[in-house]
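Residue numbers (my numbering), protein chains in the order written: chain F, 1 to 200; chain X, 1 to 200.
FYI, nobody ran anything at the bench for these hints, they're computed from the structure.
Glycine included, every Cβ here is placed at the ideal spot set by N, Cα and C.
Any given hint could turn out to be false.
[Said to hold, decoys possible] Label-pair distances were calculated between CB atoms; the ranges are:
| hint | chain 1 | residue 1 | chain 2 | residue 2 | range |
| --- | --- | --- | --- | --- | --- |
| 1 | F | Ser55 | X | Leu125 | 16 to 26 Å |
| 2 | X | Ser126 | F | Gln24 | 44 to 54 Å |
| 3 | F | Thr118 | X | Glu145 | 30 to 40 Å |
| 4 | F | Arg115 | X | Gly12 | 53 to 63 Å |
| 5 | X | Glu185 | F | Asp88 | 41 to 51 Å |
| 6 | X | Ala155 | F | Gln24 | 53 to 63 Å |
| 7 | X | Asp58 | F | Ser55 | 33 to 43 Å |
| 8 | X | Gln24 | F | Asp58 | 26 to 36 Å |
| 9 | F | Thr118 | X | Glu130 | 33 to 43 Å |
[Claimed, not checked] For the chain X half of the interface with chain F, some residues (derived, Cβ under 10 Å), not all of them:
| hint | residue |
| --- | --- |
| 10 | Tyr51 |
| 11 | Gly146 |
| 12 | Arg159 |
| 13 | Val165 |
Protein chains: 2
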Amino acid sequence: MAERTNRRGRPGYDLDGLLDVAVQVFNERGYDGTSMEVLAGRLGITKSAIYYHVSGKDELLRLGVNRALDALFAVVDEPAATTGPAIDRLEHVVRRSVQVLVDELPFVTLLLRVRGNTRVERQALSRRREFDQVVSDLVKEAEREGSIRPDVDPALTSRLLFGMVNSIIEWYRPARGLRAEHVAEAVTKIAFDGLRSGPA
Amino acid sequence: MAERTNRRGRPGYDLDGLLDVAVQVFNERGYDGTSMEVLAGRLGITKSAIYYHVSGKDELLRLGVNRALDALFAVVDEPAATTGPAIDRLEHVVRRSVQVLVDELPFVTLLLRVRGNTRVERQALSRRREFDQVVSDLVKEAEREGSIRPDVDPALTSRLLFGMVNSIIEWYRPARGLRAEHVAEAVTKIAFDGLRSGPA
Numbered sequence: 001m002a003e004r005t006n007r008r009g010r011p012g013y014d015l016d017g018l019l020d021v022a023v024q025v026f027n028e029r030g031y032d033g034t035s036m037e038v039l040a041g042r043l044g045i046t047k048s049a050i051y052y053h054v055s056g057k058d059e060l061l062r063l064g065v066n067r068a069l070d071a072l073f074a075v076v077d078e079p080a081a082t083t084g085p086a087i088d089r090l091e092h093v094v095r096r097s098v099q100v101l102v103d104e105l106p107f108v109t110l111l112l113r114v115r116g117n118t119r120v121e122r123q124a125l126s127r128r129r130e131f132d133q134v135v136s137d138l139v140k141e142a143e144r145e146g147s148i149r150p151d152v153d154p155a156l157t158s159r160l161l162f163g164m165v166n167s168i169i170e171w172y173r174p175a176r177g178l179r180a181e182h183v184a185e186a187v188t189k190i191a192f193d194g195l196r197s198g199p200a
Numbered sequence: 001m002a003e004r005t006n007r008r009g010r011p012g013y014d015l016d017g018l019l020d021v022a023v024q025v026f027n028e029r030g031y032d033g034t035s036m037e038v039l040a041g042r043l044g045i046t047k048s049a050i051y052y053h054v055s056g057k058d059e060l061l062r063l064g065v066n067r068a069l070d071a072l073f074a075v076v077d078e079p080a081a082t083t084g085p086a087i088d089r090l091e092h093v094v095r096r097s098v099q100v101l102v103d104e105l106p107f108v109t110l111l112l113r114v115r116g117n118t119r120v121e122r123q124a125l126s127r128r129r130e131f132d133q134v135v136s137d138l139v140k141e142a143e144r145e146g147s148i149r150p151d152v153d154p155a156l157t158s159r160l161l162f163g164m165v166n167s168i169i170e171w172y173r174p175a176r177g178l179r180a181e182h183v184a185e186a187v188t189k190i191a192f193d194g195l196r197s198g199p200a
């Protein structure tokens, strides 16, 4: 498959298309286990055709994890996440994060598997911690406002809450027809009101 | 490092010691990314010294994931998991599973990262599904008994519940002094009674 062939109009890739495939391959084989050769083979284009779009593998990783992070940070900037009682803002962030995870599943999967071996990965981890801090602060605020039970530690609570949310990448498969709103509804019901049915 | 040296009393490994190191290396590098050479190097013994204990890498994987699975299945056989109202049995299973995750952290981490590429991995996935089924059945039963809200899907609920529990492997670090009972308490409070404080 000569590069020439691609330039002449084999179904080519724009940056988004390239990124979709790269992220899929990273998720299947691990970022460390994916070489530019493997990527090129999978895309059916040459390595130089990839370098036409990006400076290398780590730029693909950066673009991939930032797509997830940007979507999550957009959520915490939404009006419903910035005004009103803290518990409602927290519930909004949880609900919308579920939606982001479902909508951007491969990108969030990539993000959540980052371990911090490279500069790009460490930057991603640092932005993740920043997001976690926003959530943890909301839990604290809701506790101060008296709308969250005072006997749970805010940091532990936000970890468990997003542990539940993030588990979506492990078991959610779009093909099975379960809608994001349904998952978001279940998460918020369980986490905010609990499984136990109220007094009969 | 000649094998002879090991046989003459360099700090040797029994099977448990060998398994501890192997599982740690699998978790760091991925099972696929770990060769017997790498294992031998890390253990400071020869490959044949490893073969003295196990038939190969996949036996180490099998022993590792089974340690986690056996501990989890022991939980669902405990009296408090088999008699009494379903909601109490479910709460017991959740609470004790948190304890197992904390106690057997490296082994459960290995188990939860298994993707099903080999026969041993597929067997592990099959036992995991069996465990999930027990949990899902408990949720169903509790719903029939009227002790769990009827508006959450049992399969989705058990996934989210154990999504929260399993997230422990992502953030729990024994060195930080957070005790398993404390985590278990937080999980059961959030999942069963919800974060929202009761009516004032």
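Go ahead and decide if the range 53 to 63 Å is satisfied by the Cβ distance of Arg115 of chain F to Gly12 of chain X.
-> Given a distance of about 32 Å, which is not inside 53 to 63 Å, the answer is violated.
That 26 to 36 Å hint for Gln24 of chain X and Asp58 of chain F (C-beta), does it hold up?
-> For Gln24 of chain X and Asp58 of chain F the Cβ distance comes to about 27 Å; the hint holds.
Distance restraint evaluation - Glu185 of chain X, Asp88 of chain F, Cβ atoms, bounds 41 to 51 Å | Taking Cβ atoms as reference, Glu185 of chain X and Asp88 of chain F lie about 26 Å apart, which means the hint is violated.
Range hint 33 to 43 Å: satisfied by the CB atoms of Asp58 of chain X and Ser55 of chain F?
-> holds, 39 Å
With respect to the beta-carbon atoms only, verify the hint that Ala155 of chain X and Gln24 of chain F lie 53 to 63 Å apart.
-> Hint violated: Cβ distance 27 Å, outside 53 to 63 Å.
Minimum beta-carbon distance criterion (10 Å), Arg159 of chain X to chain F = holds, 5 Å
Hint validity - Val165 of chain X Cβ closer than 10 Å to any chain F Cβ | Holds, about 8 Å.
Classify the hint on Tyr51 of chain X as holds or violated, based on whether any CB of chain F lies nearer than 10 Å to its CB.
-> violated, 26 Å
Could you tell me whether the CB distance from Ser126 of chain X to Gln24 of chain F stays inside 44 to 54 Å?
-> violated, 26 Å
33 to 43 Å as the expected CB spacing between Glu130 of chain X and Thr118 of chain F, which holds or is violated = Holds: the Cβ-Cβ distance is about 38 Å, inside 33 to 43 Å.
Can the suggested window of 16 to 26 Å be confirmed for the beta-carbon pair Ser55 of chain F and Leu125 of chain X?
-> violated, 38 Å
Proposed interface contact between Gly146 of chain X and chain F, which counts if any beta carbon pair is under 10 Å | Where the cut-off is 10 Å and the nearest Cβ of chain F is about 6 Å from Gly146 of chain X, the hint holds.
Checked against the numbered hints above, the structure breaks hints 1, 2, 3, 4, 5, 6 and 10 and satisfies the rest.
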